[in-house]
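Working from the sequences, and respecting the hints, build out all of it.
Each protein sequence line maps, in turn, to chains A and B.
Here the first sequence stands for residues 1 to 401, numbered as in our numbering.
Here the second sequence stands for residues 1 to 159, numbered as in our numbering.
Worth double-checking, as some hints may not be accurate.
Just a few of them, taken from the derived set where beta-carbon distance is under 8 Å, the chain B residues facing chain A [said to hold, decoys possible]:
(1) 14
(2) 28
(3) 69
(4) 137
(5) 140
(6) 141
(7) 155
(8) 157
According to the in silico footprint, chain A covers these stretches of chain B (three or more CB under 8 Å from chain A) [what the hints assert, rightly or not]:
(9) 57-68
(10) 108-117
No lab work stands behind these hints: they were computed from the structure.
Predicted model, so just to flag it, every value in this text is computed and none were measured.
From the three backbone atoms N, C-alpha and C, an ideal C-beta is built for every residue, glycine too.
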Amino acid sequence: MQTKREGLVIFSDIGNCAGLKKAANLSSSDILNEIRSSNLKGRGGAGFPTGLKWNFVVEDRSDIKYVVCNADEGEPGTFKDKVLLMEYPQLVFEGMIIAAFTSGAKEGFLYLRGEYKSFVPSLEKILKEMRKKRFLGKDILGKEGFHFDIEIKLGSGAYVCGEETGLIESLEGNRGEPRNKPPFPVNTGYNGCPTVLNNVETFAIIPHIIAKGADWFKGIGTEKSAGTKLISISGDCKRPGVYEVEFGTKIKDILKIAKAQDVKAVSAGASGECVPKAQFSRRLGFEDFSTGGSIIVFGKKRDMFEVTENALRFFEDESCGQCTPCREGIPVLLEGIELIKKGECPKDYLKDLLSLSETMQLTSKCGLGQSSPNLFVSVINNFKKEYTLSKIPKEEKAFNG
Amino acid sequence: MVKQCAVNKKITKQGKEVFVCDTTRSKLLPVLQSIQDKKGYISDKDMQVTADRFGIHPVEVYSVITFYSFLTTKKKGKHIIRISNCMPNIMAGSKRIEREFERSLRINIGETTKDNKITLEETGCVGLCDEAPSALIDDELVGNLTPKKVKEIIRNLKK
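What follows is the structure, encoded as structure tokens:
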């Protein structure tokens, strides 16, 4: 268990509402320029440049715009947003207000996953205080005509609603099935209006960038990944928890923070890559070892194929089932894993499975399907030797699913 | 009813404050969530009434309910225990905790006790992997579960 939170960006000191107070003296184009030049990338996992995203919404001529905060973290092994919402909710709301001012939105939503329902009273309390201080409501930040308020919306236990268009469908009162993209939410989002949709962590970084400047932010991290990342470490380690780590940190240094010993591999959640011990000098960042926040540590004795099976079962449960590669592909990969575990998987069939994975990555409609085979592929590539593959060709085994 | 679900819109009619159900489509999920909270499930009748209010077909309401795992069309126990079965939890021994729950309640995963008090379920990650094994008990996140704690939880729920 950890006691004190420390870090270079999110957990660093920031004066009371410093971001908002500074934003009050800036024009919306100043803020946009600051965010753009800070090279901030979305922290949900996809890593889309936030400034560019906001720019699309700013440029749209629609009268009605929205700001939505994605607090539907459901990735196995991720709990960083929980910590932010429990301990730094004001930062998140400040980020949303700054986004609203920049884009011209009047309404904002915090889409909170159903599992975190118990946080609602404390979040409502913060919102109430902010309304009292006139940070929310009418003519806020001392700017006439800038009205904005935030409403908390609850999810109901669907992982796929963490996908941006699935989330919007859910907000609209529909089944949370992801939409086809394009059009993207920046143009056709909630109720068909331009919507700024960012992760909790992204919004929490915004006030820091505004208060301390884009150059300060760019100075942290690597060239391609500016700033820091909140990572939630769990699994076989002595100090699991949420840590703020600078981009560019080596995996082995992250493991040191969590006091993990005799580690065989780490994985970036269920949808991320699995990295074996030999590659522990790889660095955290969008260009190298990318994670949405989850780092699960596997000790020496863990069976990586069991782990993959668990992840695939999770995706099988959570797949919305509207597109074929995801709906049909995941069960086939699961059968493949069972064959491998029995030592009955022929080499050529394994090749077929890898090519199926590639198809799923390329043709699935949303992030869930596209990322579901990631763990499978990296485990096959790195831990194939743990199971002996059958040499009998598939045809002779009369394997038919 | 839960406050954050702004289901009812307050309007003033002839000097009197009355509450009217807001039937914008985006309110459908909050309405269903509040029915679920109140009754523990959404009955056919509730589906029909909701559909009429929103001016949509009942099957559309049904399609929304069946998409979300926290909404159900069948009656469940008063309390729902959802044990997290994500990787970090399994590694920390959540299966043992699961068996402990099953043994103590004398039911299997997915079943409800005879007195309709407790339903036992499995779920994905509940966001408490640093305190695994963990579970979501009604709306509360509970971590660091041990067989002893399981018995205590059951005792408290049965009160």
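Verification of the supplied hints:
A least Cβ separation of about 28 Å between residue 14(B) and chain A goes past the 8 Å threshold, and the interface hint is therefore violated. A hinted interface residue such as residue 28(B) counts as satisfied when its beta carbon comes closer than 8 Å to some beta carbon of chain A; here the least separation is about 4 Å, so the hint holds. Evaluation of the residue 69(B) hint against chain A yields a held restraint, the C-beta minimum of about 4 Å falling below 8 Å. This hint is violated: residue 137(B) has a C-beta 10 Å from the nearest C-beta of chain A, more than the 8 Å allowed.
The interface hint given for residue 140(B) is met, as the beta carbon of that residue sits about 6 Å from the closest beta carbon of chain A, less than 8 Å. For residue 141(B), the shortest C-beta to C-beta distance to chain A is roughly 7 Å, which falls under 8 Å, so the interface hint holds. Hint status for residue 155(B) relative to chain A: violated, with the closest Cβ pair at about 21 Å, above 8 Å. The beta carbon of residue 157(B) is not positioned within 8 Å of any beta carbon in chain A (closest approach about 16 Å), and the interface hint is therefore violated.
Look at the stretch 57-68 of chain B against chain A: 4 of its residues bring a Cβ nearer than 8 Å to a Cβ of that chain, three or more, so the hint holds. For the stretch 108-117 of chain B, the proposed coverage by chain A is not satisfied: 0 residues have a C-beta within less than 8 Å of a C-beta in that chain, short of the threshold of three.
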